[in-house]
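A.B. asks: Residues per chain are reported as follows:
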Amino acid sequence: MPVLAAYVGLQSISGLVFKGPKDYQVYSYPYVYSPEAFSANFSSSDFYSAVFETFCKQSGVKFSECEVVITGFLEPHILDFEVNYTSIDKALEAMKEYNAVLVNNYAIVTPLGFKSFLPLEKGSVCGKTFELEERNFYANMALYPQIFPTDMASQIDLDSNISKLICNTSIEYIKDKPIMFMGSRFSGRKYHEELSYLLMVSLVRDPGVYELKFDPTNEHVLSTLLKARNVTKASMEYHPTAVGTLISTTGPLECMVTTDIGTSQVIELQVNKLFIVPLSEGEKAKIVLKTLGMDTIEKEIFGGTLGIIFDTRERKEDLIGETRVFNDSLKIVSAVLTGQAQK
Amino acid sequence: MQIPVIKKIAETKDVYVERALPVDGSINMTQGSEVVPYDAIGECNYSHRMLNYPKGFSPYKYKEEGQFYYLGSDLGKYQSQKVTAPFNGNMSKNDDGIFTYTEVEVRYLLLSGVWGVIDKIIESKSVLIKTSMRDINLVATTKVDFAGELIVFPNPSHVLEKHYIEEFSVEAAEAKIVYVGNSVDTPLLMEAQKYGWGGVLAGSADKETFDFAKANNMCFGVFTGFGDHPTPDDVYDLLRNVANRYMFFVGEKNILRIPVPKEEAVQAPKSKFAPIKELKTGMRILALQKPYFGRLGSVDRIEGSSIFVKFDVEPKPVEIKVPNLYIAE
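Keeping their order, the protein sequence lines are chains A and B.
With this note's numbering applied, the first sequence has no gaps in its numbers, which climb one by one up to 343 at the end.
With this note's numbering applied, the second sequence has no gaps in its numbers, which climb one by one up to 329 at the end.
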């Protein structure tokens, strides 16, 4: 029996149609059900079954013949067709090989718990009160959950509010495991991509060396759902997108980077800087890192879309709040993404 | 590309509407009778208004429970201020010492409000009418139910001048549902409350204006969203065509129900409504992206997730990005 696994987020849907080992497809749909806009004409069950039928049709199976497993944020939608539900915290807990971080416009969820805010109720996050336009945008997002701002300034405001969710604390990451970012904030669309990467950096507050990855289709959540249903997945080749390695210190650093092909360079960086050394996905490098307050670190690290990201900000708070560093970082990340930086 | 379909106006046949008297009275209809909106289907004697005066209020020459006062006569004093009777009514003292002033009962006529057939009668209380409706989707509403005559203001791009509203309000809008234009602000809602409007509709409002309506339990709804966005053209055209008609604001269901006569009722399609459809050139869409938020346009061309849309207000097609749009039917 084919299996359809679905993650229904706050802004978008991800689906995986599993027909057998090495025979599965992953889909994204950038909309979710809006009761305010649709309830006069159709129900959430009508909507989700239409979306799931589309996924199945593209995979050449009948939706009516699929076993459906579903999760969502915060809780999966209750639908009037036969569905097996799994809560998102259980799905995240099952991702043992990563530090799983699920992010949407209202919450950050990890296996250790979640931080969220109600912009319409409180009108503020971490002491920052929303402007009228921001309140209206959040209110519209409650009506039309999928919408996103096309102007960069508004997206920066949204990201800043997400980042402020963790206020002056930090998310506890297990250092030997890569950090995997997923959820509606990172799935589907590719607009203002540089902001997505800077948000990831902003969500790592403790000094250390971290491998960063992200899952644009929430495929890992979906494969975890299959695993929970004991559906074989031995042959599923799961490849999240590698962002690179984040080297985070709270002061100046010196770092010797030696690549696979034997080239070496020494990076010396002052405090309160963000700098990137491009290192492509699949490439490795060895680093020798010296900084105040940390023992010398010698480590093999991995490249990715960005490469090696150095963050020497003394106070690890919301990156967007540090205007000068943020503006410089934006230029650097944009340059790396557009390939202007010399690789 | 499959895009969700939004239908702002929906035809609903065989809808049952309950029309109830506020207190027991008499029903003047029989089961199976046909009715039109201004048919008086029942009547009762009913006191419309009641005021509770705060502690410290001292009534003038109050001698007995239910004492009568004429409109404009001395009613009493509160904090050294003279209070005059706002209507003909009776004063009574409650157990907690607070005085309640109740308007004298007047004859209340229950109108049908719809075109339809009386399906069921609950003696002395209410009737159930089988009718046809045209439902307009309101994306944000206060959870209030209200029925009243619709007044439609012009659809200006800016808020109407206050004095015009004041002039109009005093004369004509009491207990009616008023469509005020593309947007509404808090001062206008305050005016509406002051003059006893039954309900307020607009294309959009700021979140704080909506919160004001909610906090004051006003009957209030917007068609497009929050901020300053236009009412979709087809919604405005429909409202204009049914001005002065009796209608039903159903806050819980996010709809404004407009009764339609039998001959105007459109046969609902037999096939089930498709929630998502393949987007094609020429289709109408509702844009949800600034500065075209709330505007209807037609698809000129599709380039991946960039949809180029023709709007009446723009000479050239404009790029709207998926998912900032719905197909509009």
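Source of the hints: derived by calculation from the structure; they are not laboratory data.
For glycine and all other residues, C-beta sits at the position ideal for the given N, C-alpha and C.
There's no promise every hint is true.
[Claimed, not checked] With a straight-line Cα cutoff of 35 Å, these simulated DSBU-like cross-link-like pairs (lysine-lysine) come out: (1) K13/B x K57/A; (2) K57/A x K90/A; (3) K115/A x K273/A; (4) K55/B x K130/B; (5) K272/B x K130/B; (6) K143/B x K63/B; (7) K62/A x K175/A; (8) K62/A x K7/B; (9) K90/A x K290/A; (10) K82/B x K115/A; (11) K130/B x K277/B; (12) K82/B x K7/B; (13) K214/B x K128/A; (14) K331/A x K299/A; (15) K280/B x K19/A; (16) K57/A x K272/B; (17) K299/A x K177/A; (18) K82/B x K120/B; (19) K22/A x K321/B; (20) K321/B x K62/A; (21) K290/B x K194/B; (22) K316/B x K331/A; (23) K316/B x K19/A; (24) K62/A x K13/B; (25) K93/B x K321/B; (26) K310/B x K57/A; (27) K115/A x K214/B; (28) K290/A x K96/A; (29) K277/B x K227/A; (30) K55/B x K62/A.
[As the list claims (entries may be wrong)] Computed Cβ-Cβ distance ranges for the label pairs, DEER-style: (31) E278/B x T150/A: 50 to 60 Å; (32) E278/B x G321/A: 53 to 63 Å; (33) E278/B x G60/A: 10 to 20 Å.
A.B. asks: All hints are to be evaluated individually against the structure, with a verdict given for each.
C.D. replies: Hints and how they fare:
For the hint pairing K13/B with K57/A, the CA-to-CA distance comes to about 34 Å; that is within 35 Å, so the pair holds. For a cut-off of 35 Å, the pair hint linking K57/A to K90/A stands: about 29 Å separates their Cα positions. A hinted pair counts as satisfied when its Cα atoms are at most 35 Å apart, and K115/A with K273/A qualifies at roughly 28 Å. Annotation: proposed proximity of K55/B to K130/B is violated, straight-line Cα distance about 48 Å (limit 35 Å).
The suggested pairing of K272/B with K130/B holds, with an alpha-carbon distance near 23 Å, which does not exceed 35 Å. Taken as a hint, the K143/B and K63/B pair is broken in the structure, with Cα atoms around 42 Å apart against an allowance of 35 Å. Restraint check for K62/A and K175/A: the C-alpha separation of about 43 Å exceeds 35 Å, so the hint is violated. Proximity of K62/A to K7/B is assessed by CA-CA distance (about 28 Å); at most 35 Å being required, the pair is judged to hold.
Of the supplied pair hints, the one linking K90/A and K290/A is violated, its CA atoms being roughly 39 Å apart against a limit of 35 Å. With a CA separation close to 56 Å, the supplied pair K82/B and K115/A exceeds the 35 Å bound. The suggested pairing of K130/B with K277/B holds, with an alpha-carbon distance near 33 Å, which does not exceed 35 Å. With a CA separation close to 55 Å, the supplied pair K82/B and K7/B exceeds the 35 Å bound.
For the given pair, K214/B sits about 24 Å from K128/A by alpha-carbon distance, which is consistent with the 35 Å threshold. A C-alpha spacing of about 28 Å is found between K331/A and K299/A, which places the hinted pair at or below 35 Å, so the restraint holds. The hinted pair formed by K280/B and K19/A meets the criterion: a straight-line CA distance of about 31 Å does not exceed 35 Å. Taking the CA atoms of K57/A and K272/B, the gap is about 19 Å. The hint holds against a cut of 35 Å.
For the hint pairing K299/A with K177/A, the CA-to-CA distance comes to about 14 Å; that is within 35 Å, so the pair holds. This hinted pair does not check out: K82/B and K120/B have alpha carbons roughly 50 Å apart, beyond 35 Å. Using a Cα cut-off of 35 Å, the hinted pair K22/A and K321/B holds, with the two alpha carbons roughly 34 Å apart. Of the pairs offered as hints, the one joining K321/B and K62/A holds, with about 30 Å between alpha carbons and a cut-off of 35 Å not exceeded.
For the hint linking K290/B to K194/B, the alpha-carbon distance of about 34 Å falls within 35 Å, and the restraint holds. Simply put, K316/B and K331/A have alpha-carbon atoms about 32 Å apart, close enough for the 35 Å limit, and the pair holds. With a C-alpha separation of about 46 Å, the suggested pairing of K316/B with K19/A is violated against the 35 Å cut-off. Taking the CA atoms of K62/A and K13/B, the gap is about 34 Å. The hint holds against a cut of 35 Å.
Proposed proximity of K93/B and K321/B is contradicted: the alpha carbons are some 64 Å apart, above 35 Å. Distance check on the hinted pair: K310/B and K57/A sit about 32 Å apart at the alpha-carbon level, within 35 Å; holds. A threshold of 35 Å between alpha carbons decides the hint, and for K115/A with K214/B the separation of about 28 Å falls inside it, so the pair holds. Distance restraint check for K290/A and K96/A: the Cα-Cα separation of roughly 30 Å lies within the 35 Å cut-off, and the hinted pair is therefore satisfied.
For the suggested pair K277/B and K227/A, the alpha carbons sit about 32 Å apart, so the restraint of at most 35 Å is met. For the suggested pair K55/B and K62/A, the alpha carbons sit about 71 Å apart, so the restraint of at most 35 Å is broken. A beta carbon spacing of about 24 Å between E278/B and T150/A contradicts the range 50 to 60 Å that was offered as a hint. Restraint check, E278/B to G321/A: a C-beta distance of roughly 44 Å breaks the suggested window 53 to 63 Å.
For the pair E278/B and G60/A, the supplied restraint of 10 to 20 Å holds, since their beta-carbon distance comes to about 18 Å.
In summary, the structure is inconsistent with hints 4, 6, 7, 9, 10, 12, 18, 23, 25, 30, 31 and 32 from the numbered list given earlier, while agreeing with the others.
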